[in-house]
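Engineer: Take a look at the letters that make up each chain.
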Amino acid sequence: MSSKSPLAHVDAATFQQALKAFAMIVGSEHLIDDPADLANFSRPLMPVDEQSHAPGAVVSPASVEEVRALLRVAAEHRVPLWPVSTGRNFGYGSTRVAVAGTVLLELRRMDRILDIDPVLCTALVEPGVTYQMLADRIAAEKLPLWLDFPAPGPLVGPTGNTLERGGGTTPYFDHFGHSCGFEVVLADGTVLRTGMGGVRGTKAWQAYRYGFGPTLDGIFTQSNFGVVTKMGLWLMPAPEAHRTFLAAWPNDADLVRAVDAIRPLRLDGTIGNNGTIANDILVLTGVAKRSNLFDGTGAIPANIARKAAAAKGLGAWNYLYSIYGRADRVTADTAVVTGALEAAGATVMPDIPDPMQIGKLSLETFTLFDWRGGGGLAWFSPVCTSRGDEAAAQMAVARTIMEAHGIDFMTGATMDGREMLNVMPLVFDRGDPAVTEQADRCMRALYDAFAAKGWGFYRAGIGYMDRVAEIHGEAQRAVNRRLKRALDPLGIIAPGKSGIAL
Amino acid sequence: MIAALLLAAAAAPPSAPPPIWHAACAYCHENSKVGPPLNGPYDPAALRAIIRSGVDAMPPFHPSELSDEEIDALAQWLAARPAAR
Chain A
361 MSSKSPLAHV DAATFQQALK AFAMIVGSEH LIDDPADLAN FSRPLMPVDE
411 QSHAPGAVVS PASVEEVRAL LRVAAEHRVP LWPVSTGRNF GYGSTRVAVA
461 GTVLLELRRM DRILDIDPVL CTALVEPGVT YQMLADRIAA EKLPLWLDFP
511 APGPLVGPTG NTLERGGGTT PYFDHFGHSC GFEVVLADGT VLRTGMGGVR
561 GTKAWQAYRY GFGPTLDGIF TQSNFGVVTK MGLWLMPAPE AHRTFLAAWP
611 NDADLVRAVD AIRPLRLDGT IGNNGTIAND ILVLTGVAKR SNLFDGTGAI
661 PANIARKAAA AKGLGAWNYL YSIYGRADRV TADTAVVTGA LEAAGATVMP
711 DIPDPMQIGK LSLETFTLFD WRGGGGLAWF SPVCTSRGDE AAAQMAVART
761 IMEAHGIDFM TGATMDGREM LNVMPLVFDR GDPAVTEQAD RCMRALYDAF
811 AAKGWGFYRA GIGYMDRVAE IHGEAQRAVN RRLKRALDPL GIIAPGKSGI
861 AL
Chain B
6 MIAALLLAAA AAPPSAPPPI WHAACAYCHE NSKVGPPLNG PYDPAALRAI
56 IRSGVDAMPP FHPSELSDEE IDALAQWLAA RPAAR
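Chains A and B, in that order, give the protein sequences.
Quick note: the first sequence uses this note's numbering, first residue 361, plus one each step.
Quick note: the second sequence uses this note's numbering, first residue 6, plus one each step.
With a Cα cut of at most 30 Å, we get these calculated BS3-like pairs of lysine-lysine:
1) A:LYS667 / B:LYS38
2) A:LYS502 / A:LYS720
3) A:LYS672 / A:LYS720
4) A:LYS649 / B:LYS38
5) A:LYS667 / A:LYS649
6) A:LYS672 / A:LYS649
7) A:LYS672 / B:LYS38
8) A:LYS563 / A:LYS502
9) A:LYS364 / A:LYS380
10) B:LYS38 / A:LYS720
11) A:LYS720 / A:LYS649
Hint data in this document are derived by calculation from the structure and do not stem from the laboratory.
Work out the full structure, taking the sequences as your base and the hints as a guide.
Structural biologist: Below you can see the structure in the form of structure tokens.
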């Protein structure tokens, strides 16, 4: 038993009493409080201070009733719980917490696939279900259904990614937009089913999202108002045909005409998915070793990256997209899209293998994490409009700041008709404290510069949530605080998540 | 008779991999440019340490998704399989 409490507001004896009570609920084998085991469990990737975001313990319930009991104990002892599903969230916080000492509520043991409906193409899952489990089930039942998942697909699950409003790269890329019905345990133990879920005997919980009255699902995403214990999601019927393409533009300045050419094709649905516009360095992470290209200090020079990309037939900007549907439509739309992008200066390469765009699980993109060695990763994720001039402006600001901090400028923006989620990975050596501090300074400089330009964010990681909440305005923050006080008056669920506290 | 049994045992193919192999490991460690191929044998304790803590691009695997016994089974299977590609 430690003589010191990891929580600032709770004494050591009370903290230990809470852990003991947690263990009584889940079994001592499902509670981790040994410092060495905790350190392993919660290896940080982000460039934030380790101690400031270290969890105090990990508790893993197996049922809704156990979640309710844990919340009751948490309230009694004022020991907060931070829910995670599979606990990945690479580059946004993994299993770190906003307030040091908060106990991780790991929901991985709740891993039942409760339903797959092949008629309506829906599923109902618990938070511990991974995309791999769903894929195995779909394959075992030979269902003509596709999953949509983020880059670490096999290792993560739909509930966590949806609650973070993450995305993928098929036509079902918007995971929250394709969720349908949450079961949420509130801090007082109330079990709420959103949408149609409150209607006794309903068969429409996973079919109709909005229910009656206010639609509440959104307030349980990127928030700390409850613990989501079940989630419905929609599955994509496998299309009759599909083709994946890479459009490459040779010059940095081509981004403007690339975005302006893609936008109308996304707005009218000719291009069926949120393709990715990646710069040369990001695509090089999949086909080259950095150490073979550059052995100097600081960011890789632009001319070296450009030359290396060109040697592999890649451009300064590379747009990976797919066309899906009936075979005749794919043929017709391919001609339209290829013609439009070539007219805007692109070289279009057909039939590119990209598992993610066709619903096949892969971890190929993990080559990104080893680009510089040392396993450091943080995502800087501004929202941009789908206008070429604004996209180019964001890239220029980000590139200048990243290179000034010795970070390679990389972006893999996902582009819809109206908005781009301009996700930029900062990859650095987490084993070097000076480099890690420099990466943190870079993140903070990026937030300052983007806020000054009026650019907001789609998502933020541990250590930067308060700053992003501040950028998004005091009125939003105040309303979130009022919701928090109403739904969790003791502040026992994920204090500080998305900058929301009592 | 005993010699024949021993020969048969030596020639027997490795048993099926533990489920975690296809659910996670193989994505990066079999026909992949992400991680190195795994050619055992590995010391189970060392393997467990790496799997539990992760290294560089490889994330840690938690006790709730992979038990110590499952890691030991993985080590045994890796030690018995032919050299990976």
